[in-house]
Every structure is written in C-alpha cells, then in structure tokens.
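One-letter residues, chain by chain:
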Amino acid sequence: MIKIENLSHTYKNRSEEAVNNVNLHIKKGESVVIIGSSGSGKSTLLKCINRLLEPTSGKILINGEDIINSKKKKAEKIRGSIGMIFQNFNLIERETVLSNALNGRLRFNRTLKSVFGRFSKEDYAITENNLKIVGLYDDRNERVANLSGGQKQRVAIARALSQKPDIILADEPVSNLDPKLMKEIMDLLKSICEEKGITLVTSLHFLDFAKRYGSRIIGMREGKVVFDGKPEELTEKDIVDIYGKTKDWYLYGKTGF
Amino acid sequence: MKKIKLPKWKYKGLFIGLLIVIIYYWALTGTDTSPTTFAKGLPFMADFLRRMFPPDISNLGRFLLKAIETLQMAIVGSTIGALIALPLSFLAARNIMPNKFIYHSIRTIFDVCRGINEIVWGLIFVSMVGLGPFPGVLALAAHVTGALGRYFSESIETVDPEMIKAVISTGANKIQVIARGIFPQVKPLFINYTLYYLENNFRAATVLGLVGAGGIGMELITSMRLFRNREVLTILIIMILMVMAIDRFSAYIRKKIVRVESLE
Numbered sequence: 001m002i003k004i005e006n007l008s009h010t011y012k013n014r015s016e017e018a019v020n021n022v023n024l025h026i027k028k029g030e031s032v033v034i035i036g037s038s039g040s041g042k043s044t045l046l047k048c049i050n051r052l053l054e055p056t057s058g059k060i061l062i063n064g065e066d067i068i069n070s071k072k073k074k075a076e077k078i079r080g081s082i083g084m085i086f087q088n089f090n091l092i093e094r095e096t097v098l099s100n101a102l103n104g105r106l107r108f109n110r111t112l113k114s115v116f117g118r119f120s121k122e123d124y125a126i127t128e129n130n131l132k133i134v135g136l137y138d139d140r141n142e143r144v145a146n147l148s149g150g151q152k153q154r155v156a157i158a159r160a161l162s163q164k165p166d167i168i169l170a171d172e173p174v175s176n177l178d179p180k181l182m183k184e185i186m187d188l189l190k191s192i193c194e195e196k197g198i199t200l201v202t203s204l205h206f207l208d209f210a211k212r213y214g215s216r217i218i219g220m221r222e223g224k225v226v227f228d229g230k231p232e233e234l235t236e237k238d239i240v241d242i243y244g245k246t247k248d249w250y251l252y253g254k255t256g257f
Numbered sequence: 001m002k003k004i005k006l007p008k009w010k011y012k013g014l015f016i017g018l019l020i021v022i023i024y025y026w027a028l029t030g031t032d033t034s035p036t037t038f039a040k041g042l043p044f045m046a047d048f049l050r051r052m053f054p055p056d057i058s059n060l061g062r063f064l065l066k067a068i069e070t071l072q073m074a075i076v077g078s079t080i081g082a083l084i085a086l087p088l089s090f091l092a093a094r095n096i097m098p099n100k101f102i103y104h105s106i107r108t109i110f111d112v113c114r115g116i117n118e119i120v121w122g123l124i125f126v127s128m129v130g131l132g133p134f135p136g137v138l139a140l141a142a143h144v145t146g147a148l149g150r151y152f153s154e155s156i157e158t159v160d161p162e163m164i165k166a167v168i169s170t171g172a173n174k175i176q177v178i179a180r181g182i183f184p185q186v187k188p189l190f191i192n193y194t195l196y197y198l199e200n201n202f203r204a205a206t207v208l209g210l211v212g213a214g215g216i217g218m219e220l221i222t223s224m225r226l227f228r229n230r231e232v233l234t235i236l237i238i239m240i241l242m243v244m245a246i247d248r249f250s251a252y253i254r255k256k257i258v259r260v261e262s263l264e
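Protein chains in written order, with our numbering: chain A, 1 to 257; chain B, 1 to 264.
A few of these clues could be false.
Heads up, simulated DSS-like pairs for lysine-lysine below, C-alpha to C-alpha not over 30 Å straight-line [unchecked claim]: (1) A/K237 / A/K3; (2) B/K165 / A/K211; (3) A/K72 / B/K255; (4) B/K174 / A/K59; (5) B/K100 / A/K71; (6) A/K132 / A/K27; (7) A/K224 / B/K187; (8) A/K224 / A/K27; (9) A/K72 / A/K132; (10) A/K132 / A/K71; (11) B/K165 / A/K121; (12) A/K72 / B/K174; (13) A/K28 / B/K165; (14) A/K73 / B/K165; (15) A/K113 / A/K77; (16) B/K12 / B/K100; (17) A/K164 / B/K174.
None of these hints come from the bench; they were simulated from the model.
Excised from the complex, chain B in its bound form (with noise of 0.2 Å):
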C-alpha cells in the first residue's frame, strides 16, 4: 500500500483540523442535514408511532405466507447466483485463466452484477418479466452472481501453487486439476460466502416488494399507501423477527463450518 506523505511544516496539525470541518460543513450543508428540523419532527414520528399501535394482526396469515415468499426469493435467487458464479469464476481466476481477454471481460460482468444494487436489478426485471416474486429471484441472482463471482475467483487465486503441482504431475488434465486440486482448497470459503449471500438476500428481498418484485415488501408498501399503520408495524415486527432468526441460522452453520476448518 502507498503511504500518504503529509506536509511536513509547523501547522500541519491546523491544516489537516481545518481540512475536517470544511469537508464537513460542505457535506453537511449539501444534505440539509439539521438538527432542529430532526427535533421539530419528533411529535409527527410520535404521532405515528402511536397510530401504529397496537399491531393488526387480522391479516398476519397473508403476512407470514409473504415472509415465507420472501425467504424462497432468497433461497433460489442465491442458489441461482451461486451455481452461476461458480464456473465463471475459474474462467476469472488469473492462475488458471491464461487468456487474459476472458478473464478481464468475466471480471467486468461480475463488477457490473455486483455493482447495481438488488432493487435496481428488481425495476429491471419486473419491467421484463412482470411483477411478483420471479423478477425479485431474478434481481438477487444478478447481483449474486456479481458478488459471489468476484470472492469466489479472488479465493481461487489465493490458492497453493505447489498443492497443485502434485495433481498436475499425476498426467491429471487440466479440469482434473481444478476439480481435485484447487476446488478442495477453495470449497470451505465458497460455501462460507453462499450462506453470507444467503443471508444478505434475505436482507435485500423484504425490500425488493418496494418495486414490485415480491415478498414482504410489497405487503408493506401497500399498507404505508393505504394509511394502515398498524398492519405496517405488524409487517416490521414480521421482518425484523425473520431477518434475526436467518442470521442466527447462517452464522451458527458459518460457525461449524469455520470450527470444522480450524479444527485440521
């Protein structure tokens, strides 16, 4: 990494505090950021936290089979995104990719997938394929693909050399070599990074509804438009349950998995 040098005079330390508040002041005064209007809006956030009580659960069954959905879009968009990444990214893992034309364009694509976000990827798909929960799938696979493809090909790349010169030198050819030489190094970190994306696509689907492309979220943006505070605080304690009880889940298996490794 490249070291900063720093001017090296008497009022460095004054510069650098003067530099702060300027960055600062000019953030600050670009997002309207104020703290009396933050205060002047409490009795409205009070207000509305009152109308949100108590939660109405007469259309909780419609609401849970929702969360249900919600975690579906989850599971398939990952496993989707996943089965796709994997191969690419041995074809964007510069030790075994020689032809650099390939790998630079399979890293662009994975860069693009990751680089918009889960609810731009809804407005593309629901455009596409209508709403409901299919382009939500849709939307979190594009960006799966994106990010799983650049951890996994990062991790081939951190791979032995040496492990694999032992399977080469078996007269192994060269998908041999990759199947039992590199993917046995690499396979813990991939599934490790599956269950992380599990997890955030969980995240991202309760807000892909906000687009239309199912789940939660779109029980929620269509109670906050018709008034119904009480189902949206009924719809919040839904997600915020749900999203605490998948990260529990996929940190717990992430634990075992990490305890088996350490273990050798």
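Looking at chain A on its own, in the form it has when it is part of the complex (with noise of 0.2 Å):
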C-alpha cells in the first residue's frame, strides 16, 4: 500500500535531516501510530507522504506508483486517494461544515465547474452521509469558525472520507483538543477506517494513545526509524530509544486513561 524508500528531507536553511533515510513498508488496512518527541520528524514524514512536501530524496510507493517522481497530474490523482487530517484542523473558517466537507470530492470534478462552487448530486449526497457518520448532518450549514475544536476535526475527517481514500494520514489528529475529545476522536477516525478498510497513518505525542490506537507503532527520532513493531512488543528500552531520558518520555507516556 505505502513502501517508502530511502526517504529523506532536510528544510531549507537547515544541516540536520529532519527525516534521514526512513525504508517502510505499511499493508493496506494497518493502523500505523508513528510516535516520537517534538522535532522527531513525524510530521515532515506525513507530509511528504502524499507529497506536501517535496522530500530531498528518496521514494514513497502508493498502491504501486511513485508519487515522488510522478508528473504534477499524475501526483495530484495520487495524493487524491489519500485523505489528511491536521493538527490545527486547516479548514476554511468562514465557509460552512459542508462547502468544507465538498471539498472533499473536489478530485471527481471538472475544474470550471468547482471554480464556481458547482457540485453533482452525487456528489452532495456522498458528503452529506460523510457528515451523517461524524455525526454533524445537523450542523452542515452552520460556519466552521463557529464550531468547537472536535466538531472542527469531525469536519475534516468527512472531508477527507468524501475523497472516497484508501490512505488517511493524521498528523497530530488530537493535539489541539482536551483529553475527553482526543478519546473520542481517534474513537471515531479508527472506527471508521477499520469499517472502510482504510490504511490509517497516524503521528501521535502520547505513548498510551500509541498503543491503545495503533496496530503498530514506529518511534522515531532525529529523522530515523528507531523502533518498528507491535505495540506489545514495545520494551522500556525502546521507549528511551524514542523518547530520550526516562524522565522526558514519563511526560509523553500518561494522558489520564
């Protein structure tokens, strides 16, 4: 489903890598929870999954085919089947749930047609069940900026399933949100993708949310892979691999459940 190879990426006017040399291989239906302090790389290697970034070299495999070196076209039908979710929920605040939520199915249009904000019934009815699912049909005509934070991000999980994907990646889904909702949260983007058969790539702070969400876990730091298996197989050592000092990764490992 997703092979990365030989990945890496170093910001501009930066020396170190943020991400250095990641091989992964990720099976169609896994729930991947990619764990690691701040500045690990976890973010730079989601975005540049589905090419947000532009690595600085390397090879990402989607279903087969290379995203990386693909055309502007070819790149854009590619990252079409992978839906995103962010940390700061990214949506336009001043448009309403669903003009969010169509944005979604952008993709299957013609782009005179979405200029002018014109969509198919399809594809209406499509995103309206989306919104159905979140749990926030009620609320479709209601302005985003006056949504709270969970409802915001039940907004951009629709928006993604409304790209009908076979990848959603969520880079730091719950980080903005109080523990109760961060629960309820990752509740319903698992649920929803384990229903879907959708492969889910999650990058999370928090070590127990790591192990309660993910059917594997990747901890990285400084830009590499450092531990790759079962949440179970996940020994204290490792997690000073990931995490540094005992002391630093006690503060990542508890959220109150």
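Combine both chains into one complex, guided by the hints.
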C-alpha cells in the first residue's frame, strides 16, 4: 500500500535532516501510529507521503505508483486517494461545514465547475452521508468558525472521507483537543477506517494513545526510525530510544486513561 | 521598520526646531502662501458667494440627469476595474505566483495605473475616444484596476498557508485550490475594497467632467465659464448631497459586512 524507500528530507536553511533515510512498508488496512518527541520528524514524514512536502531524496510508492517522481497531474491524482487531517484542523473558517467537506469531492470534478462552487447531486449525497457518519449532518450549514475543536476535526474527517481515500494520514489529529475529545476523535477515526478498510497512519505524542490505537507502532528520533513493531513488543529500552531520558518520556506516557 | 537614529548631543532639540523652521520657510515661500493676500481676497470671495445666491434651479432637471450619469460612471468604472483586477491580482501575489517576472510585471502595471490620477487618465481617454461619459468610465476603470489590483494581491498574500494545505491535500488542482481554498478567505476583503472604491470613484467622477470626460463636472465647468454663478451653486449642492448619500450608503453596507465577519 505505502512503500517508502530511502526517504530523506532536509528543510531549507537547516543542516540536519528532518527525515533521515527512512524505509517503511505499510500494508493495506493497517493502523500505524508514529510516535516521537517534537522535532523527531514524524510530521515531516507524513507530509512527504502525500507530497505536501517535496522530499530531498527517496521514493514513495502508493499502491505501486511513485508519487514523488510523477508529473503534477499524476501526483495530484495519487494525492487525492490519500485523505489528510491536520493538528490545527486547517478548515476554511468562514465557509460552512458542508462547503468544507465538499472540498473532498474536488478531485472528481472538472475545474471550471468547481471554481463556481458547483457540485453534482452525487457529490452532495456522498458528502452529506459522511457528515452523518461523523455526526454533523444537522450542523451542515453552520460556519466552521462557530464550531468547537472536536467538531472541526469531525469536519476534517468528513472531508477526507469524501475523497473515498485508500489511506488517511492524520498529523497529530488530537493535539489541540482536551482529553475527552481526544478519545472521541481517535475512536471515530479508527472505527471508520476499520469499517471501510482504509489504511490509517497517525502521528501522536502520547505513548498510551499510540498503544491503544495502533496495530503497529513506529518510533522516530532525530529523523530516523528507531522502533517498528507491535505495541506489545515495545520495551522500556525502546521507549528510552524514542523519547530519550526516562524523565522526558514519562511526560509523554500519561494522558489520564 | 528601521529606527531613525537621532544625534545624541546637547543641542538636539534646538537643531530639530531649527530644521522644522527652515523646512516651513522653504515650503511657504515656495508657494507664495501669505495670510495678507488671503485677507485681501476675502471681499472678492464674499462678492462671488453673493452672486451665487439664490441658487438657480431652472436647469435642475438637466443637472440631476448629469448627477445620475456620474453615478452610472462610478458604477460601471468600478465594476470594470474590479473585474480586471480580480484575475490579475492572483498573478501578482507572491505566495501563489512562482514566476517572479510575471509577478513583478503585473505589480508594475498596477503601480502605473494607480499612480496616474483619474483626471490624467481622463485626458488620455478623451483624446482616444472623444468627449462624454465613456472616457470617464475608462479613466475610473484604469485607476481602480491599479488600486484594487494592489490591495487584492496584498490580501491574497496574507492568507493562511496552512488552511490551503488541507485543500491541496484533497488532490485538487491549482485553480481549484485558488477558488476553494484562497478565494473564500479573501472574499470579504475584496467586497470591502470594491465598495470603498465605488464611493471613491463617485467623488472622482464629479470632477472628471472638468476635462470633458462626462458627468456633472462638465455642467460645472460650463456654468463657471459662462459666469452663471447661481447655477454653479445648484450644481455644487447636488454634488455635495450625492457624495454624502453615496458615502453613507457604502459605509452602511461595508459596516454590515464587517459585522457579519466579526460574528464569526
């Protein structure tokens, strides 16, 4: 499903690599959680997968197709099969819930039509159904700016689902939410992906969350993968490898669940 | 912003004071500004004003038609200008236009259009298409294209790149990203600026007639040349009332938009 080969990314004006020679193979239907402290490269890695960031070197195959070395049109097509959810929600605040979720349908629409905000009946039906799934159908005409953080992330999930994605990338999707909402959103995301067979790749700060929602855990430190395995295989030594000193990782270990 | 470094010595205050005196002396003598000349002229002014009363309303109908024409010029000119500025402004926004040459060329066109005053544009277009309201419309459109183009592209440059990333991530192409990710963020600003320029253009259109480019200004210059001072007053009253009405109307609508925005 996702095959990452020798992937590296260095930000402009920085010498150290944010992602350093990463090799990963993620299978269809897996729920992979990437953990690591801030600046470990997990977010950079996610953004390279759908080429929101241009990697410095390496290859990424999505369903066998190389997204990095494809031309713009092809890359957009591959990117469309990958939904993405962001830490800061990244919605168009003054637009409605429905309008934001409809953006997931853009890839199925001709340019001229979508410029004027025209979508087909089918687009509306699919999007409205996804809003029902995330529990926001009744608020579909509400402006996003008036929603709570948890609701905003639900809109983002509906938008991603409207893409009919094979993969969903979730970049610290619950970092801006309170603990109760964190659990709600992660439960929702996980159950939807399991039901629809969508491969889920999430980056998370917290260890207990990662263990709970990941069928596989990838630990990153300084741009390198330092752990790759099942949650129950994660030893205390691995945790120190990922987070550094025991004192530091303890902070990441507990969220109150 | 760079801080201006002031010299650090005892007589700093004296030095600055002297500098200000010199600048004003230079500017005042250069412009023949003199209170005595002004005072001497007051009786002439009084005489002029006296001859304006009472306002002559025998041609009121024609003046009102011309005032309406002025409003029409402002509406058409602003709309044409906004419609030209809208697509161009996206090409002149640094954050979405990777080609520096195109970016700088369009910015320069905007600056030239904006830098030339409506009256000067009026002179140019009168010599091109002849007298009447049409060259006036073109003059307003040319100036507004530059002004709105500049403001539009600057607002596009302030949009949140993170919000756009989400639209990009759906697999949308560049034009879709602009229409669905960037435009919604700048739409209220665009409406606001356009209304402001509609208001501005009405004021500009009232004087465009001085160079033969249509509107009520044409009546004003004719009556002035024929020394029909009582008509001049009528025209001035119409101009003032209409500018006030348009300003109120535009301010009211813009306030409504701002209020809707702040509710979010």
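Hint-by-hint comparison with the structure:
At roughly 27 Å between alpha-carbon atoms, A/K237 and A/K3 fall within 30 Å of each other, so this suggested pair holds. With a C-alpha separation of about 29 Å, the suggested pairing of B/K165 with A/K211 holds against the 30 Å cut-off. At roughly 43 Å between alpha-carbon atoms, A/K72 and B/K255 are farther apart than 30 Å, so this suggested pair is violated. In summary, the hint linking B/K174 to A/K59 is supported, as the alpha carbons are separated by about 24 Å, within the 30 Å threshold.
Straight-line distance between C-alpha atoms of B/K100 and A/K71 comes to about 22 Å, which keeps the hinted pair within the 30 Å bound. A distance of roughly 29 Å separates the Cα atoms of A/K132 and A/K27; the hinted pair therefore holds under the 30 Å criterion. Under the criterion of a C-alpha separation no larger than 30 Å, the hint pairing A/K224 with B/K187 is inconsistent with the structure, at around 43 Å. As the CA atoms of A/K224 and A/K27 are separated by approximately 20 Å, the hinted pair is consistent with the 30 Å bound.
Annotation: proposed proximity of A/K72 to A/K132 is violated, straight-line Cα distance about 34 Å (limit 30 Å). For the given pair, A/K132 sits about 36 Å from A/K71 by alpha-carbon distance, which is inconsistent with the 30 Å threshold. Distance restraint check for B/K165 and A/K121: the Cα-Cα separation of roughly 26 Å lies within the 30 Å cut-off, and the hinted pair is therefore satisfied. Between A/K72 and B/K174, the direct Cα distance comes to roughly 10 Å. Compliance with the 30 Å bound is thereby established for this hinted pair.
Our distance criterion of 30 Å between C-alpha atoms is met by A/K28 and B/K165, whose separation comes to about 25 Å. For the suggested pair A/K73 and B/K165, the alpha carbons sit about 17 Å apart, so the restraint of at most 30 Å is met. Of the supplied pair hints, the one linking A/K113 and A/K77 holds, its CA atoms being roughly 18 Å apart against a limit of 30 Å. At most 30 Å may separate the alpha-carbon atoms for a hinted pair to count; B/K12 and B/K100 exceed this at roughly 45 Å.
A hinted pair counts as satisfied when its Cα atoms are at most 30 Å apart, and A/K164 with B/K174 qualifies at roughly 20 Å.
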